[in-house]
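> Sequence:
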Amino acid sequence: MHTWLVKEIQLFWDRIKSSDKKVIAILVSIALFQTLSWYFFSRRFFRENLSSQFFTGIDNLKLIEYLYWFLSETIPLFIMPLLIIKILFKEKIKDYGVSAGNVSLGVKYTLLFSVIMILIVWFSSANAEFAGRYPHIQEAKMNWTIFFIYEFGMLIYMFNWEFAWRGYMLFGLEEKFGFYAIFIQMIPFVILHNGKPFLETFGAIFGGIALGFLAFRTRSVFYPVLVHFVTMFFIDFFSVLRSKTNELGISPKSLYNIIEKLF
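Numbering of the sequence shown is given in this note's numbering, commencing with residue 117 and proceeding in unit increments.
Don't read these hints as lab results, they were simulated from the structure. Among the hints, erroneous ones may be present.
To be verified - Straight-line alpha carbon distances no greater than 27 Å define the calculated DSS-like cross-link-like pairs of lysine-lysine that follow:
| # | residue 1 | residue 2 |
| --- | --- | --- |
| 1 | K202 | K137 |
| 2 | K257 | K360 |
| 3 | K292 | K133 |
| 4 | K202 | K138 |
| 5 | K133 | K202 |
| 6 | K138 | K224 |
| 7 | K210 | K224 |
| 8 | K369 | K312 |
| 9 | K133 | K208 |
| 10 | K178 | K312 |
| 11 | K208 | K137 |
| 12 | K137 | K123 |
| 13 | K360 | K178 |
| 14 | K138 | K257 |
| 15 | K123 | K224 |
| 16 | K137 | K292 |
| 17 | K137 | K224 |
| 18 | K123 | K133 |
| 19 | K206 | K178 |
| 20 | K292 | K208 |
| 21 | K210 | K257 |
| 22 | K206 | K123 |
| 23 | K210 | K292 |
| 24 | K178 | K257 |
| 25 | K137 | K206 |
| 26 | K257 | K202 |
| 27 | K123 | K138 |
| 28 | K257 | K137 |
| 29 | K208 | K257 |
| 30 | K369 | K257 |
| 31 | K133 | K224 |
What the hints assert, rightly or not - Per label pair, the in silico range of CB-to-CB distance:
| # | residue 1 | residue 2 | range |
| --- | --- | --- | --- |
| 32 | I265 | K123 | 53 to 63 Å |
| 33 | P368 | L228 | 40 to 50 Å |
| 34 | S220 | I325 | 20 to 30 Å |
| 35 | K377 | I265 | 34 to 44 Å |
| 36 | K138 | I375 | 47 to 57 Å |
| 37 | K224 | P368 | 19 to 29 Å |
| 38 | K224 | K123 | 51 to 61 Å |
| 39 | T317 | K202 | 32 to 42 Å |
| 40 | R160 | G319 | 17 to 27 Å |
C-beta atoms are modelled at their ideal positions from N, C-alpha and C, and glycine is treated no differently.
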């Protein structure tokens, strides 16, 4: 038994030594980073470990909770991968999408995807249940200052999120898997949507592929960041407008009614 186990361990170690170390490092590290994210940089961690100790009696505690999540994710989703890139791989961060990339193509795709998503969101927000769900903090529906602070935090989070999947993982695996890296990074992206409404999780399959392709073609994570942020911003924005005006129509007249009631 002992000899058999030693041989199996040796076989495993030999396979590790003969494998692509960069691929293994990326796959293991991204699992580690996401685990750290879930247990130490989440809203739940803030509520259970920080809220009662450091933020008692603070106004807008829900906003602070979300800002903790949005901003602290910079550590596991950006800084830690960055250290791997610079120290372990000794590579340039621009090779992982932190650059302007193909600007002309990026602008075209960003405008196209953004217009499509804004239209989809406009129609989706006509559903009362959908509109009532967003933004995730109800205070943002009553206070525009809170709304824009929340959205700014969301923008930072989107950069970290896109860098982790469409930057570090996608470009890190591209050398080994080429075009298939787009589909590999889509898998954890979809899994992390589990627990959200079915259509949102189902749509993440196509969204993950589309954003991966956008990063792949433009050689930049900034365009996926913009598309993802624009989508989330207008989900919140349209939901707030509909909540304030109780207007759930989808026609241009409904949009006019919203503007008229607000201004």
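> Indicate, hint by hint, whether the structure satisfies it.
Hints and how they fare:
no.	hint	result
1	K202 with K137	holds (15 Å)
2	K257 with K360	holds (8 Å)
3	K292 with K133	holds (16 Å)
4	K202 with K138	holds (13 Å)
5	K133 with K202	holds (22 Å)
6	K138 with K224	violated (33 Å)
7	K210 with K224	holds (21 Å)
8	K369 with K312	violated (31 Å)
9	K133 with K208	holds (25 Å)
10	K178 with K312	holds (19 Å)
11	K208 with K137	holds (18 Å)
12	K137 with K123	holds (22 Å)
13	K360 with K178	holds (20 Å)
14	K138 with K257	violated (46 Å)
15	K123 with K224	violated (56 Å)
16	K137 with K292	holds (11 Å)
17	K137 with K224	violated (36 Å)
18	K123 with K133	holds (15 Å)
19	K206 with K178	violated (40 Å)
20	K292 with K208	holds (18 Å)
21	K210 with K257	violated (38 Å)
22	K206 with K123	violated (34 Å)
23	K210 with K292	holds (18 Å)
24	K178 with K257	holds (13 Å)
25	K137 with K206	holds (13 Å)
26	K257 with K202	violated (42 Å)
27	K123 with K138	holds (25 Å)
28	K257 with K137	violated (49 Å)
29	K208 with K257	violated (42 Å)
30	K369 with K257	holds (23 Å)
31	K133 with K224	violated (44 Å)
32	I265 with K123: 53 to 63 Å	holds (59 Å)
33	P368 with L228: 40 to 50 Å	violated (21 Å)
34	S220 with I325: 20 to 30 Å	holds (22 Å)
35	K377 with I265: 34 to 44 Å	violated (24 Å)
36	K138 with I375: 47 to 57 Å	holds (53 Å)
37	K224 with P368: 19 to 29 Å	holds (26 Å)
38	K224 with K123: 51 to 61 Å	holds (56 Å)
39	T317 with K202: 32 to 42 Å	holds (34 Å)
40	R160 with G319: 17 to 27 Å	holds (25 Å)
Consistency with the previously given hints fails for numbers 6, 8, 14, 15, 17, 19, 21, 22, 26, 28, 29, 31, 33, 35, ordered from lowest to highest.
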